[in-house]
Amino acid sequence: GEDVEQSLFLSVREGDSSVINCTYTDSSSTYLYWYKQEPGAGLQLLTYIFSNMDMKQDQRLTVLLNKKDKHLSLRIADTQTGDSAIYFCAESRLQGGKLIFGQGTELSVKP
Amino acid sequence: DAGITQSPRHKVTETGTPVTLRCHQTENHRYMYWYRQDPGHGLRLIHYSYGVKDTDKGEVSDGYSVSRSKTEDFLLTLESATSSQTSVYFCAISPGQGANSGANVLTFGAGSRLTVL
Chain A
27 GEDVEQSLFL SVREGDSSVI NCTYTDSSST YLYWYKQEPG AGLQLLTYIF SNMDMKQDQR
87 LTVLLNKKDK HLSLRIADTQ TGDSAIYFCA ESRLQGGKLI FGQGTELSVK P
Chain Z
1039 DAGITQSPRH KVTETGTPVT LRCHQTENHR YMYWYRQDPG HGLRLIHYSY GVKDTDKGEV
1099 SDGYSVSRSK TEDFLLTLES ATSSQTSVYF CAISPGQGAN SGANVLTFGA GSRLTVL
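Residue numbers (my numbering), protein chains in the order written: chain A, 27 to 137; chain Z, 1039 to 1155.
Since the hints were derived computationally from the structure, they do not count as laboratory data. On a predicted model such as this, the values are computed, not experimentally measured, just so you know. Even glycine gets a Cβ: it sits at the ideal position worked out from N, Cα and C. You may find that some hints are simply not true.
The list that follows gives simulated cross-link-like pairs (lysine-lysine, DSS-like), each with its CA atoms no further than 25 Å apart [claimed, not checked]:
#, chain 1, residue 1, chain 2, residue 2
1, Z, Lys-1108, Z, Lys-1095
2, A, Lys-82, A, Lys-62
3, A, Lys-124, A, Lys-82
4, Z, Lys-1108, A, Lys-124
5, Z, Lys-1049, A, Lys-94
6, Z, Lys-1095, A, Lys-124
7, A, Lys-93, A, Lys-82
Here are a few chain Z residues that face chain A, going by a calculated C-beta distance under 7 Å [what the hints assert, rightly or not]:
#, residue
8, Gly-1080
9, Val-1126
10, Phe-1128
11, Asn-1142
12, Val-1143
13, Gly-1147
14, Ala-1148
Working from the sequences, and respecting the hints, build out all of it.
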């Protein structure tokens, strides 16, 4: 199975909060990342969290990490139509820092 | 995307033909990566490079080869393209884990869409 797993779709109403979830299997993960991909474009880094932290906040984004359960989430407050995109979580491990990506969650924001 | 360019952006080819995709960076970053993106699979690492002439395999390297003869260019070659290699290919660069307090922050190119008929 996949090392990093995400649900494939999420639909929310504009102004609501969105929560995108991710689970990973490797306990040696050092950093976990969230990337955003808009249609027809490459991925852009949103934020990352070190594995010894349990929360990181950056404006409308809140990342929660439960290392015991190997569960990562991204909360987007006051979701806007411009937040519609695919969101990828990723982990990096000790050797070489290669990133392993999840399948991506397609967020659809309805007005 | 600033500092990283992929070419060609779109290519249609026939089964059995060779294909080379080019990634060019102007950031002088040490690491370069090739990923492929397919529905339901997310991004999967094909090959990566940690320096000139230093490359290693990723999780889906069969049927692909790479070369890095200078810092700024990383080439991905499909020696004999197959329909299963129809995909969107992304190049990414990074300075490595030491540059961002240990995080390995990747910058991605805009992607190259390859169709193998």
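Results for each hint:
Straight-line distance between C-alpha atoms of Lys-1108 of chain Z and Lys-1095 of chain Z comes to about 19 Å, which keeps the hinted pair within the 25 Å bound. As the CA atoms of Lys-82 of chain A and Lys-62 of chain A are separated by approximately 17 Å, the hinted pair is consistent with the 25 Å bound. With a C-alpha separation of about 22 Å, the suggested pairing of Lys-124 of chain A with Lys-82 of chain A holds against the 25 Å cut-off. Of the pairs offered as hints, the one joining Lys-1108 of chain Z and Lys-124 of chain A holds, with about 21 Å between alpha carbons and a cut-off of 25 Å not exceeded.
Restraint check for Lys-1049 of chain Z and Lys-94 of chain A: not satisfied, since their Cα atoms lie roughly 45 Å apart, outside the 25 Å limit. Proposed proximity of Lys-1095 of chain Z and Lys-124 of chain A is supported: the alpha carbons are some 11 Å apart, at most 25 Å. About 14 Å separates the Cα atoms of Lys-93 of chain A and Lys-82 of chain A, which keeps this hinted pair within 25 Å; it holds. Using the Cβ-Cβ criterion of 7 Å, the hint placing Gly-1080 of chain Z at the interface with chain A is satisfied: the shortest such distance is roughly 4 Å.
At about 10 Å, the closest approach between the beta carbon of Val-1126 of chain Z and any beta carbon in chain A exceeds 7 Å, and the interface hint on this residue is violated. Nearest Cβ of chain A to the Cβ of Phe-1128 of chain Z: about 6 Å, under the 7 Å cut. The hint holds. Annotation: Asn-1142 of chain Z was flagged as interfacial toward chain A, and the flag holds, the nearest CB pair being 4 Å apart, inside 7 Å. The criterion of a C-beta within 7 Å of any C-beta in chain A is met by Val-1143 of chain Z, whose closest approach is roughly 6 Å, and the hint holds.
Given the 7 Å rule on beta carbons, the hint for Gly-1147 of chain Z holds: about 5 Å separates it from the nearest Cβ of chain A. With 7 Å as the threshold, the beta carbon of Ala-1148 of chain Z comes within range of chain A, its nearest partner Cβ sitting at about 5 Å, so the hint holds.
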